[in-house]
Amino acid sequence: SQTIHQWPATLVQPVGSPLSLECTVEGTSNPNLYWYRQAAGRGLQLLFYSVGIGQISSEVPQNLSASRPQDRQFILSSKKLLLSDSGFYLCAWSGTKWQSNEQFFGPGTRLTVL
Amino acid sequence: DQQVKQNSPSLSVQEGRISILNCDYTNSMFDYFLWYKKYPAEGPTFLISISSIKDKNEDGRFTVFLNKSAKHLSLHIVPSQPGDSAVYFCAASAMAAGNKLTFGGGTRVLVKP
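Order-wise, the sequence lines are chains A and B. Quick note on numbering: the working numbering labels position 105 of the first sequence as 105, and the sequence is numbered without any gaps. Quick note on numbering: the working numbering labels position 104 of the second sequence as 104, and the sequence is numbered without any gaps.
With the rest of the complex left out, here is chain A (with noise of 0.2 Å):
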């Protein structure tokens, strides 16, 4: 079976600090990959989706950037974290058929920038 993993679970970063989070997924291969963010109290926001090593797409202009250096891992980074990066990190695969429409989530990471 397939299963998503996200690390780490919880951050407390400065402001200006750099950031890196991890997504990898199991049990399946050639996934679309997808980075989501959930403000406090607001509905998810697609931030880049991937369907495929190197091959990223952002879908809002902002301070972070993602990167697929293999299959099944997929980074959310910063070189310098703002105030308004706080809030609820999701990564999420799907399969690659065109019926596979439905997203699975990981357990999230919970960045907060003082």
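Hint data in this document are derived by calculation from the structure and do not stem from the laboratory. Treat the hints with care, as some may be off.
[Claimed, not checked] Computed footprint of chain A on chain B; a stretch qualifies when at least three of its residues, placed anywhere within it, have a C-beta under 8 Å from a C-beta of chain A:
| # | region |
| --- | --- |
| 1 | 18–30 |
| 2 | 94–106 |
[Stated by the list, open to error] Below 25 Å or equal to it, Euclidean Cα-Cα: the simulated SDA-like pairs (lysine to any residue) are:
| # | chain 1 | residue 1 | chain 2 | residue 2 |
| --- | --- | --- | --- | --- |
| 3 | B | Lys5 | A | Ala39 |
| 4 | B | Lys5 | A | Ala40 |
| 5 | B | Lys100 | A | Pro107 |
| 6 | B | Lys100 | A | Glu102 |
| 7 | B | Lys100 | A | Gln45 |
| 8 | B | Lys5 | A | Val60 |
| 9 | B | Lys71 | A | Arg42 |
| 10 | B | Lys5 | B | Lys54 |
| 11 | B | Lys100 | A | Ser50 |
C-beta atoms are modelled at their ideal positions from N, C-alpha and C, and glycine is treated no differently.
Got chain A sorted already, so can you dock chain B onto it with the hints?
Then chain B, alone, in the frame of chain A:
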């Protein structure tokens, strides 16, 4: 521009009664709709989905209804149980747009014993 809207931020229902969650969308290209359930500090879990070629899909206590002409879908939970207390997100996708999901803002459901 919010393409998927959940106009009720919260809903309170008695245990055993029906919970009805509503979702409206504006993009006529959406052809697949999903409901997710989310507990605090956890990732959303997939509940149920419906293709635009159907108007109803049922899975146990959960039923999703789709009204394409009104661009409206709803999730019915019956009977509601205390463990159903969570935030529910509606999401939509379009095959022409690579099946990326667009989420609504969520509805917090509280089931009272």
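Which hints from the list above does the structure break, by number from lowest to highest?
-> 1
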